[in-house]
Amino acid sequence: MTAAATAISAKAATAPQSGAQLLVQTLDRLGVDVVFGYPGGAIMPVYDALTGANVKHILVRHEQGAAFAADAYARATGKVGVCMATSGPGATNLITGIANAMMDSVPMVCITGNVATHLMGTDAFQEIDILGVTLPLVKHSWVVRDPADVPAVIEEAFHVARSGRPGPVLVDLPKDVQVGMTSDDFGFHYPNEVTPLDHAAIAEAETLIRAAERPLIYIGGGVKIAGAVEALRDFAERTGIPSVSTLNALGSIRTDAPGFLGMLGMHGTKAANEAVQESDLLIVFGARFDDRATGKLNEFAPHAKVVHFDIDPAEIGKLRAVHVPVIGDLKAGIEILTGRMASASLAIDPWIIRSTSNAKRNAFRYDAPGEGVYAPALLNELSKAAGDSFIAACDVGQHQMWVAQHCEFSRPEAHLTSGGLGAMGYGLPAGLGAKLAKPDAHVVTISGDGSFMMNIQELATLRRYGVALKIVLLDNSSLGLVRQWQELFFAENYSEVDLSDNPDFVAVAQAFGIEAFMIDQRDQVADGIARLLAAPGPCLMHVLIDPKENVWPLVPPGKSNGEMMHDTRFEGDM
Amino acid sequence: MTDTIQIQIDRADGSLQRLIGLVERRGFHIDGMSLSDEGAMRRVQLQVRGRDEGRCTENLGRQIDKLIGATRVGFAQSTYGYQSGVAA
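For the protein sequence lines, the chains are A and B, in the order given.
First residue of the first sequence: 15, per this note's numbering; consecutive thereafter.
First residue of the second sequence: 8, per this note's numbering; consecutive thereafter.
FYI, nobody ran anything at the bench for these hints, they're computed from the structure.
Fair warning: this is a prediction, and the values are worked out from it, not measured in the lab.
Ideal placement from N, C-alpha and C gives every residue a C-beta, glycine not left out.
Just to be clear, a hint being listed does not mean it is correct.
As the list claims (entries may be wrong) - Below, a sample of chain A positions facing chain B; criterion: calculated Cβ distance under 10 Å:
#1 L145
#2 I330
#3 L333
#4 H420
#5 L547
In isolation and in its complexed conformation, chain A is listed as follows (with noise of 0.2 Å):
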């Protein structure tokens, strides 16, 4: 629903506008500081405007690069993400990174110049009807058709891509809106929308946590999002009750903290996974229950009753049935929450001593066979030598899922992801827009030799601007998780992964004028992490890994969280 919008300004009639100029000051007004986009035909009176603006243009090589950057420029920062394309290519191009910032409901306006109105329906020279295509990846989307409608369509689609459950916007401005003069200038205030929170359903929920023998706290995307970091934190130390995460909410509990027992899902840890299927209740905060997390639907967490909160009605009950839902900000509903389990203690020791043991019990090892770099070895030692600044900026495969089981988080900004996309290619344009959100930060790209070659043209811009990004670029000459979903679940037939006729990564870097080193010795891991971390401008660390590593454990799919195959090699010890 649309809030009722105030108009805070009325500028007196000056000298008429344009359109284009009028979507740069209202940038500038909303205190967009970073845009990430491409000119073209369609949107040449913007970037005409865009000239001497105080906003900061960033020019990437490819828009899908824009799209991704200023996706993880908003998950960096909690801000809202710009990025601008032309039309008719330009704007198919953001496509992908669209549909990212929606599957991980990240703010993000989406500006896109299109043909003249006149023009529009008559497929003219790069006309494509951009908000017919995405429709279905955008929480909403405008075609403005007069220039005195730019500042109150651009000041509705912030205050759309980032209220509520936030997600990706997009305007379309037709050329002659960009040229087209106007002395109208309506500045609007959108007021925050405040769901009351249902006092009862919480104590219901308190009722049923009291009676829980085997509590657990499933904790989603939501908590970074709705700002509940420390109000989690809170009630997890304050119960003691044990937790997991999915993928994109790593770090909203510290990943060293007592009582976090991991991500759940395809990927997660034995004790998570465990602890979910024997689990008598769940708490959820602010996740959705994705196929990755959950394995089976009918099989997972058999035993449970839920408890879930969320901002969004549309997720209650959507694939699990809900016993108490509570709808609304999860920040306030977790304090709520907290200060009504004050009252008495839970009598949950044996639960948590089971399950927080079985976490120890089957930590992950790192003493892997061999004298070649182990992956997983090299990212927890990355994670740990970054320290608490470290933000991972993922690529989406093998690496990807041991990023997530191996790194230490220390907060949810600190792991960018394509989660419920899986967009190959987010790492290296996310790892641009994270590093110019958090200059002080070691933000590090972690990326496959697939993912890599998806957007290495943004290697361009990290040189242009200076960005010092850092790349860890783990390379096993294949398309490593088809790979093993092939040596697994195909009888080996490997059709179509093999990637050893790769170029020279250091090379291209290099060619880039980016410093680059190759490391393919474990005893070599340490020398290059402190190298990467030192080097005062963008540096990619090219690390030669086995092709046939695989990513353990793994819930088979179609299989239940409670099947999981395990590393042979670390049999009998665990």
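Based on these hints, arrange chain B on the given structure of chain A.
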């Protein structure tokens, strides 16, 4: 067999396409549809039917509620195939 949903929706660019696309994308057939315009608003009545037994009409209603510029104004449920999504 079908549930009937009445929606009031603004006449902005793509609003009807947005509504129909949402219903189909969430796994429902549209068996019937009628439209009437009232000034800047449009009233739409849809007869919907889940593509399989797992489709929850009430949840579809909640998805429609989230559309910017749309308001669900009526919701008549048949008993067939209906799941509330909230455990008893």
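Each hint tested on the structure:
For the restraint placing L145(A) at the interface with chain B, the shortest Cβ-Cβ distance is roughly 5 Å, inside the 10 Å limit, so the hint holds. Annotation: interface hint on I330(A) holds; nearest CB of chain B at approximately 6 Å, less than 10 Å. Nearest Cβ of chain B to the Cβ of L333(A): about 9 Å, under the 10 Å cut. The hint holds. About 36 Å separates the beta-carbon of H420(A) from the nearest beta-carbon of chain B, more than 10 Å, and the hint is not met.
Using the Cβ-Cβ criterion of 10 Å, the hint placing L547(A) at the interface with chain B is not satisfied: the shortest such distance is roughly 43 Å.
Checked against the numbered hints given earlier, the structure breaks hints 4, 5 and satisfies all the rest.
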